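In order, the protein sequence lines correspond to chains A and B.
If you read the first sequence in the numbering used here, its first letter stands for residue 1, the second for the next number, and so on.
If you read the second sequence in the numbering used here, its first letter stands for residue 1001, the second for the next number, and so on.
Quick caveat, the hints were computed from the structure, so don't treat them as lab data.
These numbers were taken from a predicted model, which means no experiment stands behind them.
For every residue, glycine included, the Cβ atom is placed at its ideal position computed from N, Cα and C.
Be a bit skeptical, because a hint or two may be false.
Here are the in silico distance ranges between beta carbons for each label pair [stated by the list, open to error]:
| no. | chain 1 | residue 1 | chain 2 | residue 2 | range |
| --- | --- | --- | --- | --- | --- |
| 1 | A | A284 | B | V1066 | 29 to 35 Å |
| 2 | A | T44 | B | F1198 | 40 to 46 Å |
| 3 | B | E1277 | A | L327 | 51 to 57 Å |
2 protein chains.
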Amino acid sequence: MIRISFDEIKCTVKRILEMRKVDADDAEILSGIIANNSLDGVYTHGINRFPRIVSNLESGVIDASVEVTLTSAAGSMECWDGHYGIGAINAFKCMRRAIELASQYGIGLVALRHNNHWLRGGTYGLQAAENGFVGICWSNTMPNMPVWGGKKPNIGNNPLIISVPRSDGRHFVFDSALSQFSYGKLEECRLKGVQLPFYGGFDNNDELTTDPAVIEKNGRLLPIGYWKGSGLSIALDLVATILSDGNSVTEVGRLGNEKGLTQVMIVIDPCRLNSKEHIDHITATILDDIDESDSGVHYPGERMWQTRRENEELGIPIIESVWNEVLGFL
Amino acid sequence: MIRISFDEIKCTVKRILEMRKVDADDAEILSGIIANNSLDGVYTHGINRFPRIVSNLESGVIDASVEVTLTSAAGSMECWDGHYGIGAINAFKCMRRAIELASQYGIGLVALRHNNHWLRGGTYGLQAAENGFVGICWSNTMPNMPVWGGKKPNIGNNPLIISVPRSDGRHFVFDSALSQFSYGKLEECRLKGVQLPFYGGFDNNDELTTDPAVIEKNGRLLPIGYWKGSGLSIALDLVATILSDGNSVTEVGRLGNEKGLTQVMIVIDPCRLNSKEHIDHITATILDDIDESDSGVHYPGERMWQTRRENEELGIPIIESVWNEVLGFL
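Looking at chain A on its own, in the form it has when it is part of the complex (with noise of 0.2 Å):
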């Protein structure tokens, strides 16, 4: 593990895709994604999957040439298209969008079809509300868990993301697939050879188990919460397909490699409605009071700025392996 700064890891994974005909404007914001996405601890969605990117663009899956565009108004929303681009670039433009409409109309939604993976949904959260806004959004998924009562994988873990903006720059950023455990966690316990922490499927014999080899191997993932997860997927895939006209996890799951995948946008100008100090009073009071009535308990989005803090400080940890094989790139 070596340690590189943020600036570093931003200019070389701009340069890297630039150099692959991605627009200067393009490449601005999907480097800041993909280095704030590791400055926050999310290494996943970072720069270790940073490869694949470049292999998407290279082989031609990913099309870097396309633009999100606009396919119908109403008000307060839209509806866009991402044409199969970027997931990253096409989820930040249009959560750029959302809050240009909350700022108009003091709520905005923007629904985004045909667009592919948007790394890791807290971007958009803190997107947001970085701008001062509360988000609320959510993507669909390939079907990788099955509803509940069912044995095949048919539903997503559809990703909800809940921000709320305050002043400090600590923003409250909730971000949760409804899956109880991913498959990188699955597959973290099974390399390690340890259980999962709780039931995260059911196995073979339809018993809950904690063991990560079988439910990898079965795609019998938990909904969280069981049959309350499972409704909340198909919710959240409904409103986003009916609103975008775009692909269901079912036509997500048709078209292979987690491709054209449908998010929602929702954003709220909470200081239409309320004063800026007001808020933040508010937060900090619901925060040290959960906080404080019992001690090691974190709000959603705390460790990740103690992370932010470290990292900023120290520079960011990263697996010496991957960032040969980033700077392979240029």
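Starting from the known structure of chain A, fit chain B onto it as the hints suggest.
Chain B alone, transformed into the frame defined by chain A:
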């Protein structure tokens, strides 16, 4: 158990409310909500709950004379104050207003503060769907489960509702509290002498347990998805409180009696982006895909429609002593 028709329940409830000085329009709204909740099989939030409402009206805990009022407005967002009036009537009126805002702007939001218990959250999801709109709404609650990592109940199981309209009237309604089980379910299992079907909380030795009596007593209910539902609960409380300047979960706890709740209604007009026919087609396809892949699988709201049809035909089942108590209010 006896069966009483929807109309008889509604008329009886309405008369009793009017006798207690509830305005005729308000009595019409509330009697409809109560009768519909029982019709849909949500008996705990229907006629079974009515005696408690009457007693609260008579004791002055709920003031029937107050009107919900607008406190601030900004484009497609508004904040209303319920003045500790009848929760379900205030929530119904605010959802009606949010629907008007969505009709005008595409998406609309109403934040409602100082309201009392709205009974069943699904009521407002259905209200949006019956008008052809997508509804996303939630309420906070009194502190009734511990934050993840904590031991004392200090966050709410804040119910979240997402509804999608269908032209045939069989709307999709996801309606779920964020605790794995409700206190009502714990009580039901304890009285029946059975264990919970899945872990429902922690025992006094910090071990997960299916024993309803232990969890009822120590209040250590599990959030759905453990840390995930805990984070989502905090997110919903935060957003509701900063938008409305209402009571947070902690403040509701200080007030006691689960009064002065804070609620949010977000309404989206999907027909501003897509035709009604196309939306129906997408919805049917998604729900059919999920249904067909496995047998015995239900989408949220599906079983409710079966119960509703049965109760429309045969009358609504009511415990005889409850019905006699209700008739005693006349």
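Regarding T44(A) and F1198(B), is the given constraint of 40 to 46 Å on their beta-carbon distance met?
-> 29 Å, violated
Is it true that the C-beta distance of E1277(B) to L327(A) lies inside 51 to 57 Å, as the hint says?
-> Because 54 Å falls inside the window, the suggested range holds.
Take a look at whether the Cβ-Cβ distance between A284(A) and V1066(B) falls inside 29 to 35 Å.
-> 31 Å, holds
The structure is inconsistent with hint 2 alone, although it conforms to all the rest.
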